[in-house]
Amino acid sequence: MFEKLLSLPVVASEHGKDVDAFIIYIHWLMGFLFVIWMAYFLYVLWRFRASKNPKADHVGVRSHASSWLEGVVALIEAVLLLAFAIPMWAKIVDQAPEGPETNNVRVMAQQFGWNFMYPGPDKTFGAQDLEFVTSDNKFGQVPDDESGADDFFTYNDLRVPAGKATVFQISSLDVIHSFKVIALRICQDAIPGLSIPTWATPLKEGRYQINCAQLCGNGHTSMTLGFMTVESPEAFDAWVAEKALTTAGEDAGFE
Amino acid sequence: MEIPYVTEPRKDTGLYNAKVGIWLFLASEVMLFGGFFSAYILLRVGSVEGTWPTELLNVPIGTFNTLVLIISSVTVVLAWSALKLKQFGRYKFFQAITIICALIFVCVKSYEYRDKFTHYDVILNDGTRVDGHLVEKTDEYITLSHPLSYPAEKGIAYRPIAIELRDNPPADAETAGHDGDAAAAHPAEEGADEHATTSDSHGDGHGHDLTIQMADVKKMTNWGPWANTYFAIYFTMTALHALHVIGGALVIAYLWGPGAKMWKTDPERYTNRIEISGLFWHFVDLVWIFLFPVLYLL
Amino acid sequence: MESTQTHVQDETAHDAHHHDPGFWRGYIFSCDHKVIGIQYGVTSLVFLLFGFLLMASMRWSIAYPEKPVPVVGKVLEAVLGDTAAGGIISYDLYNSFGAMHGTIMVFLAIVPLAFAAFGNYVVPLQIGAVDMAFPRINMASFQFYFIGGIVMFASFFIPGGAAQAGWTSYSPLASAIPTDGQTFWLFGMVFLISSSLLGAVNFIATIIQLRAPGMTWMRMPWFVWVQFVTAFLLLLAFPPLEAAAVMQIMDKLAGTSFFLPTGLAIGGQLADISGGGSPLLYQHLFWFLGHPEVYVLILPAMGIVAEIIACNTRKPIWGYKSLVYASLAIGFISFIVWAHHMYLTGMGTKISTFFQTTTMIISIPSVIILTCLFISLWGGSIRFNTPMLFALAFLPMFGIGGLTGLPLGFNFSDIHLHDTYYVIAHFHYVVAPGTIFGLLAGVYYWYPKMTGRFMSEFWGRVHFWSSFVFMNLVFQPMFAQGMSGMLRRMADGGAGYSIANNPDAIGGLSDKMIGLNISISHAAWALGLAQIPFILNFFLSMKYGKKIESDNPWQATTLEWQTPTPPPHGNFTSEPKVVRGPYDYSLPGAKEDFVPQNQSA
Amino acid sequence: MSGHTPEEIHQEVRRYLWVFGLLIIGTIVTVAASYLDLPSFAWTVALALLIASVKGFFVAGYFMHLMDEKKMVYGILGSTVFFVIGLMFLTIWAMSDPPTNTIYP
Ligand code: HEA
Ligand code: HEA
Ligand code: CUA
Ligand SMILES: [Cu+2]
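Sequence order for the protein chains is L, D, F and R. Here this note's numbering is used: the first residue of the first sequence is -13, the next is one more, and so on. Here this note's numbering is used: the first residue of the second sequence is 14, the next is one more, and so on. Here this note's numbering is used: the first residue of the third sequence is 8, the next is one more, and so on. Here this note's numbering is used: the first residue of the fourth sequence is 23, the next is one more, and so on.
Hints were generated in silico from the structure; no laboratory data involved. Mixed in with the good hints there might be a few duds.
What the hints assert, rightly or not - Chain F is faced by these chain R residues, among others (derived, beta-carbon under 7 Å):
| no. | residue |
| --- | --- |
| 1 | Phe42 |
| 2 | Phe105 |
| 3 | Gly108 |
| 4 | Thr113 |
Glycine included, every Cβ here is placed at the ideal spot set by N, Cα and C.
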């Protein structure tokens, strides 16, 4: 019921459900506080209006119930912090999955679109070096690097397998963007000069909007062409194999 | 009604207004320079291993300037105590020295600036690096005096473009130069030479000018703030500091000259003003005490 | 204390040449804190209106993207040229307006109004001082502010228009945008920061040094306390931003790379810069100011609300000491929470744990303050006049804004909410219906002191109720929009990410959410219209308002009401001797239901 | 400043000259120390900052009379020092903590 009330959008990733649950708990707390304070507030305004209570009481409230209330608020916040926020954050930040079952993609934002780099069937990225960065080689792929032979690139077209964790290494060429897929509940700033991982396990197949959540120039509003397609693992593997055959070795010159 | 505590201290705080004011102002200055020092530490710690330039500044000149500021600082307190003893002439004398010191400091600083701005750093098409002082620059060629190469074991202490040299290990002086003749590099003249002279082994002396054809030049930059983040922070912080020196000196000079009339009408207040301007001056000195080792020595 | 004789002498000497300072010395280059306060007040109200007008145009673009603005569009095109071609607000112009709305509202409207205007006018009076400690620095502070404002304003008219990188002005975008407006912005900020620093020094020195005899720290009205804390926030938090501004200026003008990393590419080509800088460094320096700044926005408003509540409940503020300590605690902690604006810049667990813990800790003193104010109502005899209405409305509005800060403060929920309209709604609830209501309350409350006349009570109520309703109609729906994923800083109000635009994509914005844009915009314009009674009331009451019958029309206890109206140069006819705390209302055994601070029984 | 009688002032002046001497020595030591071959760069930094702090202490303590200043000034400066340290320490800590720091993993 609360999801509806809060108008949370569809969620399609594992940890996304935790995010939603957590948001809902906090809003319970907020709603609870708000309601009791409002009830008290309106009651007091009515009861102590000047026409009814012409003589004020110099001391007012004598009890110290309020300290209790403040203590309780602090306590609940502490619980939310220790039991949820910190461990959950640690999980998504520190425990990025590794190994053969994980899918890896590198993301390079630019004004105003998304470049993606896939490791290809061998699942290892080739070497990259800034020296080789040009408008045709956004990732600075080192030519003649063996493990890079089957790497390939796409522009604004991100594909990931459903049910498997995907780690995104997010960076940017020019200014700060922010890689946000609302339904997966992931959001990570793309900062030039840094490459920052984030990960998610998409659950539902489908085509998702990739949002740029950071003002990145006058085309920020129209940086809406990026999509993320979640496919069945088989379809994904087939796509990778095909892409590696047809486009690997070509430079990542798009637009 | 007049504003109270302009000269006499308030009982419970023991301070007069301007004293509170200047300390508050200095507190904000501490935060300002704190911001810059944080930036310095951060950029330095974050720099790629081995790319932070060191020893590019002239330490004797820096030391000299440090001493100049220290002298000016002590003359400021001496001037103030002279006023406390009602010795106006002595005050005038000491404060004059302060002002002269400030002038010397600024002149020396601008000499250092000029020196860096005329220092060119040239990367040739084959990856060789040469730097030296500009003699002449046209569209076809550039002539540098005292061309300099870094002894191999020190490596290239900085890179104008950090990626530039990733695959180009520092060129040995022997192989420097693109047609072999002109570009034989020579030992350092200033700045880096403090340490370099001993380890240097080639070249037969100073004063050879080196002319490089523009066609051979891949990249060229002088040592302005744009050269690298080290110079960026060096110029920004020292320029800001120099502005403080100039500002402080102007105030002190004003109080020394036209403002000194107040000594006749309200000596207490005048003495306080000298104390306040002195506090500012010491702060400027204090900043330099940290800037000097951080920028020149480390 | 020097002998009283000199004082008397001074006074006569003063009277002689202060009798008629003339227009220029009296109103433009005055050093009198009251005149400076009014200068600040009027200028910042004008900027508030200007900030609103920018926003009103933006709301058109959000509701009806790429449609020409009726009527106003022609004006925009005539004044600004190509960026408003055909009367359409281009994305460039939207970004300029967005950045400048934020900048103007924060640095040119609310801070000057809350801190400088009310602080200047009221603080010296409330502590029984003759003026600020450094009147001439006070004047310089206003002049710097004015110059800063002009620089900011002028930037709209240069080619390319005003800054477009948001009020946060993040690098490298700030260096990459093509307009010189950013340079104007930076220089404007340097002036505004210097102005605030001078003001802050002055306030603190005044409060420390010039309190009247008997005005001990714990007898100061809470308003003075919050101004004291605010001044400290400005004094110590602004300089790092000044450092950042200087470095960004260097990046723009001197080719340095403080905030530009190695490998930065513009248009695909590696940029011709030395590199080696750090974009995150800028963010740290900005938010080091940014967070204390939000308390600069809220604390003075809280102080005003407390004064008005005490006066109009006819009873002391409950828990004065808790209030004092809570505001000091807020001041301290606000310096170490800043990175909660940066959770998604790639933060590890340790550091984000630190920052979210401090964020939660800092919400406690806010809760304490609000609780004290709420409890103060109990047992009062509540008069519902216009200032009181605004002050009362402040409480739940700030409550909503503050509470919605919590899901942002936890990093885990911020993942979903960061940079959405939820954030916009959160902080507008604190600054618009929160701070603005507090400040309007202050205007209504102290207006009689400044002019000797009341503002119209009837039009005040009209103003209050319409503002209250429309404020909520503007900002309440934004929570839903943000929750459903609508991003901020979208010139088209998120239409590009809507289901309508991408029918086959999951997670787009529903028609309902996009539709809300239109109703919000209408409410926002109505909110603007709702200010017309206020503006008229403000100017007309100077002439036609009801005259006050005494110098203390609200029957308040604090010292500003114990002077003639308007207070003369030097403020008090005789030096006040304070003998009691600030809020002795309804003291048992007293003749009247209020005992001024300088009255012994 | 402790007092205002001429004797006290004379005593002060002597102290200033002492401090002046120490500062000169300090400067020379700083420069000399930078030529020392210390075991690691960290030591060089620590030593340089240590000497600078000592010099700073003398300037602030004696020239700026902080040795016997009023409580209020200590209060102002104390909080300032707290915040500068917060600024430096937290920024540096924050910047050293992100999951990845380099441009390519
Ligand atoms: C005056 C301004 C102000 C104030 C007071 C606050 C107060 C708080 N803010 Fe807010 N904030 C802003 C202005 C403000 N903020 C601005 C301008 C931004 C956006 C900047 C930008 O990106 O452009 C922002 C953004 C912002 C973010 C970043 C969001 C993001 O970008 O992802 C966060 C995250 O932690 C945050 C948290 C908080 C918290 C925890 C508080 C706490 O201090 C709140 C504490 C208060 C309470 C907890 C309320 C207590 C009340 C009760 C318990 C009583 C309830 C009674 C009734 C309801 C009747 N704020
Ligand atoms: C103190 C700060 C403050 C205040 C008061 C406001 C007030 C308002 N703001 Fe603003 N806003 C910001 C600070 C503020 N804002 C910031 C920092 C941003 C982020 C910018 C960025 O992205 O970089 C922002 C962004 C922002 C956006 C999002 C833009 C986007 O992300 O694309 C929107 C959208 O609706 C908005 C709306 C409003 C509205 C409707 C008001 C209303 O509440 C306005 C109410 C005001 C009035 C109705 C005027 C009253 C006038 C008078 C009383 C004048 C009297 C005059 C005389 C007597 C002479 N604001
Ligand atoms: Cu890219 Cu916004
Ligand atoms: Cu904040």
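What are the numbers of the hints the structure violates, in ascending order?
1
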